[in-house]
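Colleague: Please construct the entire structure, taking both the sequences and the accompanying hints into account.
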Amino acid sequence: GSPSSLYDSISPEGDNVSYVNIAMDENGNAIIVWVLHNTFSGGFIGDIFTSEYRNGSWNNPYCLYSPRDIQGYYPFSSTVNIEMNNEGFAIVYSYLNGGVDNQEIIIRSYQSGEWTNPRWIDSFYDGSVDPGVGFPSVVISNNGDAIIVWSGSDNTIFRSGKSRLFKSEYRNEQWNHSSSAEDYFNYYQHDFNISSYDVAIDNSGNTIIVWSQKDDKGNFQIFKSEYSNGEWTHPSPLSDNISPDNTDARDPKISMDDNGNTIIVWRQIDDTGNDQIYMSYYR
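Residue numbers for the sequence shown follow the UniProt record's numbering, so the first one is 1 and each next one is one higher.
No lab work stands behind these hints: they were computed from the structure.
In this text, a Cβ means the ideal position worked out from N, Cα and C, and glycines have one as well.
Have a look at the derived ranges for each label pair, beta carbon to beta carbon:
1) D25 - R68: 26 to 34 angstroms
2) K253 - G218: 22 to 30 angstroms
3) D258 - Q174: 21 to 29 angstroms
The calculated lysine-lysine pairs, modelled on PhoX-like cross-linking and capped at a C-alpha distance of 25 angstroms, are:
4) K224 - K253
5) K253 - K214
6) K214 - K224
7) K217 - K253
Modeller: Quick look at the structure:
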């Protein structure tokens, strides 16, 4: 059906909303998520709301989690996204902007028919916090494995730059989050900043992460990390790039099918100064 009038909304009336997203599994179950601008927060971005379609009907919208309950304050801005596999395993994730050098990532997952507790994933096991994280990239395989990748600062004078890559993994029915600010997986030196990144996973849980990072000559290059047969292989050192040397390579994207066939594409400056599209593939 369609809305019969402007009064026929699914979000609570009286407040603004933003960043709506939706996901659906192969059985037709669906989850809609959005950010509510709560008037009681003084105009700041508020709570994450959801409406779910299960067993043939929609439930009433409700608050899935509140940044204020987790962080103690409302951020200046927030986005919300969702990933879901064919079996209904879903991850809702928010990127919160609390100001300069103050960004956080919150996730909440739907597993085995129930919602887990929200988790602030850039709050490490050792109690430290990365105050300047980048937007997360999230994928879920149909075998139930999942991975979240994000960039972080080194917490020094280069704090505004993202020089480290972190990951949270769900494998063998349990989460494994980064243990500390030193638990990064890329080859790291202070100002070799991360430009962008992407991740893909197949139905066996094999995973590839790609990213753009400055090499020791000052050019952005494309690097990749691979998870296969239960082990990660990471590039080392900064000369272990998959893009041609000597010019900037940026914006890598990756696609992987259910059997592990993979294509990586990126843009890179050629010898005439023009951006061109390059690819690396496995079949």
